[in-house]
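Asks: Top line first, the protein sequences correspond to chains A and B. The first sequence runs 1 to 281 under my numbering. The second sequence runs 1001 to 1289 under my numbering.
Some hints here could point you the wrong way.
To be verified - Some but not every residue of chain B turned toward chain A, in silico, with C-beta under 10 Å: (1) PRO1051; (2) ARG1108; (3) SER1174; (4) LEU1182; (5) ARG1188; (6) SER1197.
Stated by the list, open to error - Here are the in silico distance ranges between beta carbons for each label pair: (7) A/GLY165 - B/ALA1110: 45 to 51 Å; (8) B/THR1116 - A/ARG91: 30 to 36 Å; (9) B/TYR1104 - A/SER179: 32 to 38 Å; (10) B/VAL1042 - A/GLU169: 46 to 52 Å; (11) B/ARG1108 - A/GLU269: 55 to 61 Å; (12) A/SER179 - B/ALA1272: 57 to 63 Å; (13) A/TYR44 - B/ARG1142: 56 to 62 Å.
Read the hints as simulated data drawn from the structure, not as lab findings. Just so it is clear, the structure is predicted and the values come from calculations on it, not from any experiment. Note that beta-carbon positions come from the ideal geometry of N, C-alpha and C, so glycine has one too.
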Amino acid sequence: MTVDSFPIIRTALPDQRGAAPPASKPGQPPAPPRIIVHELDLWYGATQALKGVSLDIPDRSVTAIIGPSGCGKSTLLRSFNRMNDTIPNVRVKGQVTISGVEIYDSSTDVVELRRRVGMVFQRPNPFPKSIFDNVAYGLRLLGIRDRAELEGRVQQALERAALWGEVRERLGGSALQLSGGQQQRLCIARALAIEPEVLLMDEPASALDPTATARIEELVLGLKASFTIVVVTHNMQQAARISDRTAFMLSGKLIERGETRELFTRPKEKLTEEYITGRFG
Amino acid sequence: MSPERSNLPRGLSGWRRAINVSALTGAWLCAAIVILPLALIVWHLLARGLPGLNLAFFTHMPKPVGEPGGGMANAIMGTLILVAIGAAIAVPVGVGAGVWLAEYGRGRFAAMVRYTADVLAGVPSIVIGVVAYGLVVVPMHRFSAVAGGVALAILMLPTIVRATEEVVLLVPRSYREAALALGAPRWRAIQEIVIPSASAGIVTAIVLAIARAAGETAPLLFTALNNRFWSLRLDQPMASLPAFIYDYAKAPYEDWNRQAWTAALTLLFVVAILSGILRLSLRRSHGGR
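Hey, can you work out the whole structure from these sequences and the hints?
Replies: Here you go:
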């Protein structure tokens, strides 16, 4: 059985947008991958959550990581900005190289890494502060105190996150008064304000209604011109709609990776085919 | 619908309704019993304390036995100072320890701190007075406001520590992660995000601790002692409302007994006003949240 017998997935594929990442235009040498994962193992105590994962993530494109619950996709994402460090008893083996820097090297400054690798979480998590202070938080961490500069950068970040028009009149209001979708775009603006190279998104739309989800997806497609985006999602249609490349994970292993169109229409692995045709997961 | 449904006994609803009504009545009665003592205390205090309440009570000093009138200006001031000393010690230490327990508190030492705080909360306040006597009064060779403040600080500490720990643990993990993911070092995430988010709960804990400490007599009996004169010196015995209530209530003079009631009412006001100010300042600093 092939995916062609499942119209829902097929119609969701990005036909018009073109699946090829901009890096692979003919006549140009392909840009080196922004993130290179090599033989990555990760344990939570005695439980192994990642088993020998190797993956290249190209620059300025959207890469989706899909797989059933508990397959390790969030763990893999969180290993790109070392968020797993905050969990006790985590052990990591292998390499993750971002922009040429080995991030698990003992000399790596985690704080600096997280500035370069921004993250958006599953549930919108604005701070209980004003809209302005939310977006300015990362800038203030960098030591920016100048009011005019803060205002300029906050506005730019909110514009990039397609939220400026909705909040320009109430930047001083509490971020918690925004709707769920607006809160999530605020979190994206907050991450973008410090101009990261990579934006990690952990199921960024799973807590949102369809309209808000569509706006986030639209936003992601617009942002890939400037950022390298990695999205974890359990929603295969979403992966098909927004990503250039897709990686499929199962039980801590990377089963298959490739161009999204390719992976959804002609999966090489039997497990991938079974998953995307809905036989498990 | 499954056929088994129709076989369910139907006669229960009347019985259930009866149980519902009686349980509800019982719960309502329990709630009333909780409110009753407080209402009685307030009513009694107002009835007995209000007649003696006048401006002189707040501005004048206690009169010698036999002379009518006079006030408790020194005791009101004394209670404020003693509580301030106690809070000045217990709030930073308690909030710091509570935050540490919540954020880093694993392992044996943390378990020991928790256990100690819990035991300390159960220690009779007079024993805490004895401890402060040994810690401060004996080395200083005199009763003093500082000794009273230390006793009150020890009394306030466990409440603040454990309540702070609990409210800090309630701060969603996602706030910490959001701050860390933006490149905040852990201490800044705690200081700028976690503690402000928990501040309402922390202030409540402080108010509770202050309310309890302000009314304590036993820890002051052999630390701050009492003082019939106006004194702001921290190395001298200091007057306090609970100590005056204790002395005046058991004195054989009717005038003093009346003043004891008024002092009790005043103490209630002092605690209410203190907690009101703290809550108001919190609301102002957090824009209505």
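Asks: So, for every hint listed, does it hold in this structure?
Replies: Quick rundown of the hints versus the structure:
Because the beta carbon of B/PRO1051 sits about 48 Å from the nearest beta carbon in chain A, more than 10 Å, this interface hint is broken. For B/ARG1108, the suggested interface contact is broken, since its CB lies about 15 Å from the closest CB of chain A, more than 10 Å. Annotation: interface hint on B/SER1174 holds; nearest CB of chain A at approximately 4 Å, less than 10 Å. The beta carbon of B/LEU1182 is positioned within 10 Å of a beta carbon in chain A (closest approach about 4 Å), and the interface hint is therefore held.
Interface hint at B/ARG1188: satisfied, since its Cβ lies 7 Å from the closest Cβ of chain A, which is below the 10 Å cut-off. The restraint placing B/SER1197 at the interface with chain A holds, with a minimum CB-CB distance near 6 Å, inside the 10 Å limit. Checked against the hint of 45 to 51 Å, the C-beta distance between A/GLY165 and B/ALA1110 comes to roughly 49 Å, which is consistent with it. The supplied range of 30 to 36 Å is met by B/THR1116 and A/ARG91, whose beta-carbon atoms lie about 33 Å from each other.
Taking the beta carbon of each, B/TYR1104 and A/SER179 are about 36 Å apart, inside 32 to 38 Å as hinted. In this structure the hint that B/VAL1042 and A/GLU169 lie 46 to 52 Å apart at CB holds, the actual value being about 47 Å. In this structure the hint that B/ARG1108 and A/GLU269 lie 55 to 61 Å apart at CB is violated, the actual value being about 49 Å. Distance hint for A/SER179 and B/ALA1272: a CB-CB separation of about 39 Å, inconsistent with the stated range 57 to 63 Å.
Between A/TYR44 and B/ARG1142, the C-beta spacing of about 59 Å keeps the proposed range 56 to 62 Å intact.
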